[in-house]
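*Asks:* The chain contents come next:
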Amino acid sequence: MEKPVRKSLLMWLLLSPLVIVILFPFAVMVSTAVKPRVEVLMYPPSWLPSEIRLQNFADMWEATRLGPAVLNSLVVSIVATVLCLLVAIPAAYAAARMEFTGRKLFRQFLLVTQMLSPIVLVLGIFRLMAKMGFVDQLPALVLAYVAFNLAFSVWMLQAYFQTIPKELEEAATLDGASTVQRLRLIFLPLAAPAIGISAVFIFIYCWNEFVLAMTLLRSPEKSTLTLQTFSLVGGRYQVEWDHVMAATLVASVPVAVIFALLQRSLVSGLTVGAVK
Amino acid sequence: MASSSSKADPAPEAGVGRTVNRAKTPSIGKIGRASAPYLLILPSILFAFWIIGYPIYDMANMSVHAVNRFGKTAAFNDFANYQRLFSHQLFIGCLIRTLVWTVFVVGGTVLLSVPIALILNERFYGRTLARIIIMLPWAVSLTMTGIVWRWSLNGQFGMVNATLSSFGLQDTPVEWLATSTTAFPILIAIGILVSIPFTVTVILGGLSSLQADIFEAATIDGATGWQRFRYLTLPLIRPFLNIVLVLNFIYVFNSFPLIWVMTQGDPANSTDILVTWLYKLAFRYGELGIASALSIVMFVILLALTITYAALAMRNERSQA
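Protein chains in written order, with our numbering: chain B, 49 to 324; chain S, 7 to 327.
In case anyone wonders, no lab produced these hints; they're calculated from the structure. On a predicted model such as this, the values are computed, not experimentally measured, just so you know. Hints should not be assumed to be uniformly reliable.
[Stated by the list, open to error] For each label pair, taking beta carbons as the anchor points, the in silico distance ranges come out as:
| # | chain 1 | residue 1 | chain 2 | residue 2 | range |
| --- | --- | --- | --- | --- | --- |
| 1 | S | Arg236 | B | Asp107 | 55 to 61 Å |
| 2 | B | Ile68 | S | Ile307 | 33 to 39 Å |
| 3 | S | Phe221 | B | Leu96 | 44 to 50 Å |
| 4 | S | Gln89 | B | Arg312 | 49 to 55 Å |
| 5 | B | Leu58 | S | Ala224 | 21 to 27 Å |
| 6 | S | Ile307 | B | Lys152 | 20 to 26 Å |
| 7 | S | Phe235 | B | Leu102 | 45 to 51 Å |
| 8 | S | Gln89 | B | Ala106 | 55 to 61 Å |
| 9 | S | Asp272 | B | Leu96 | 28 to 34 Å |
| 10 | B | Ser313 | S | Leu240 | 27 to 33 Å |
| 11 | B | Leu96 | S | Pro191 | 26 to 32 Å |
| 12 | S | Leu240 | B | Gly244 | 32 to 38 Å |
| 13 | S | Ser93 | B | Leu102 | 55 to 61 Å |
| 14 | B | Ala106 | S | Leu238 | 54 to 60 Å |
Here a beta-carbon is modelled for each residue, glycine too, at the ideal position from N, C-alpha and C.
Based on the sequences and whatever the hints tell you, model everything.
*Replies:* Structure (structure tokens):
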């Protein structure tokens, strides 16, 4: 099929209102983040600053203590992702490959827990963490993130695992491979893309999460990136918007780039996992 | 020995060899084999019971007992917490706003996502770029989206007013988020915007699974574009639409960060929905009894929605198999 220019123009024209509304906040972020402070609070506001002040980013990094927050977010997200996969992969393998009584029940259990959102349980989770002495500790966040990503990960992984032909593993068993060899040499390499995609989804969830971080963390030096950025806006009389926009840019751009680069595989992963 | 013979022998023989082999191993192996799947799923179940199950039990327990603001529970109190919740002056308002919020965001999202998915399913120059742009809001956290829109909608210095007035669409600047008539509709619009990417993705998945030949056949039979959409596309992507409706309903019903970041339920509770009110009850007003009762009520609503979703998903899986 050919792709005529006129049709392409029409398609872009139809999409243009949405494209504008989607790109609008990014334009605002960039525009405000590089403005000299006096121009941020100037009426009427303008898109273009008189000079592009990249120094804003350095100032912001110092003034808002964003560095430690980025580090906290990285540590929490990575540890939670790894832990979640360590728990999810065996469960997904069992759900996809093994016959056992209660398999259907387990799959229903996954579907139900997948739907529970932290906000409905946040009071109970706070009390649980308080009881365990974990309030204002990053491990509390890790545990909660793992719990809320488990069902989704197991569900997505098992849907993928079902697409890996069983025969390869059976052949390896016939050739005398041990269970460990079979998993390490045959199954895991084939499952690697699925595991990678799940990891990206879990990581993005943790990186972007807000409610649990706001509830479970107290001291500013423990803040994650979303929480720290929110604290620059919430409950303040004077908001330094140039710093805030620089911070949101730093927080959003890496994830947006990862997402854009992996768009195709993320989307196909989700359609295998979530819709099936 | 078994392995060398299985290579040479034809397949059925190899199968026999395997069963014999298995029978020879002592019963420990058998038990190990039978319990293996349970051992593999055990950690995930323990995790879920610990971090998700216990809090539900704890809140259910708290919701039927007298509880002070530090969370100490006392005697069973005849569902007084639930009575106080249902008779609370803000409850009905929050409930209605939650319904309005959910219905409008989900409805708007699906109505917009179907044509967008149809467009993105066509072949045209720059389609990959268009797809990436439309997926972008998904990658950015709702907190950041909320913060940026809050600044953009600022009455004096926000770029929304500046842009509108530069196109002559507005005479006087509007304080979008501080005016009770505009704040909630604005939140709904942004709620729709951030729900579009996921919805479009799922519908696109449905569209790409359609076979081209039935559409060609319909075209040859003289069906118009609208007829093809109404009588072929729509019924065929129906299962995907169902799933998207239920999933979005659950997500939007629970949506907290956008409203919290942009208005915190203000002005004068006019943008409070159940989840934001719940958070205030629990962590600002210390009304733990009412908060736990509300959590349980919402949990039950979600459970009902989830069972609907599970039934739909299972039905889909069966029809695909």
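*Asks:* Quick one: are S:Leu240 and B:Gly244 within 32 to 38 Å, going by C-beta?
*Replies:* 35 Å, holds
*Asks:* Can the suggested window of 33 to 39 Å be confirmed for the beta-carbon pair B:Ile68 and S:Ile307?
*Replies:* The hint (33 to 39 Å, Cβ to Cβ) holds, given that B:Ile68 and S:Ile307 are roughly 36 Å apart.
*Asks:* How does the Cβ-Cβ distance of S:Gln89 and B:Ala106 compare with 55 to 61 Å: does it lie in that range?
*Replies:* 57 Å, holds
*Asks:* Given the hint of 26 to 32 Å, check if B:Leu96 and S:Pro191 actually sit that far apart at their C-beta atoms.
*Replies:* For B:Leu96 and S:Pro191 the Cβ distance comes to about 30 Å; the hint holds.
*Asks:* Is the hinted range of 45 to 51 Å satisfied by the C-beta distance from S:Phe235 to B:Leu102?
*Replies:* Since the Cβ atoms of S:Phe235 and B:Leu102 sit about 49 Å apart, the hinted range of 45 to 51 Å holds.
*Asks:* Given the range 27 to 33 Å, decide if the beta-carbon distance of B:Ser313 to S:Leu240 lies inside it.
*Replies:* Because 29 Å falls inside the window, the suggested range holds.
*Asks:* Taking the beta carbons of B:Leu58 and S:Ala224, is their distance inside 21 to 27 Å?
*Replies:* 22 Å, holds
*Asks:* Please test the hint of 28 to 34 Å on the beta carbon pair from S:Asp272 and B:Leu96.
*Replies:* Distance hint for S:Asp272, B:Leu96 holds at roughly 33 Å.
*Asks:* Per the hint of 54 to 60 Å, is the separation of the Cβ atoms of B:Ala106 and S:Leu238 within bounds?
*Replies:* 57 Å, holds
*Asks:* Cβ-Cβ distance between S:Phe221 and B:Leu96: within 44 to 50 Å?
*Replies:* 48 Å, holds
*Asks:* So does S:Ile307 sit 20 to 26 Å from B:Lys152, Cβ to Cβ?
*Replies:* With a Cβ separation near 25 Å, S:Ile307 and B:Lys152 satisfy 20 to 26 Å, so the hint holds.
*Asks:* Is 55 to 61 Å right for how far apart the beta carbons of S:Ser93 and B:Leu102 are?
*Replies:* Holds, since S:Ser93 and B:Leu102 (Cβ atoms, about 57 Å apart) stay within the stated range.
Consistency with the previously given hints is maintained throughout, with no hint failing.
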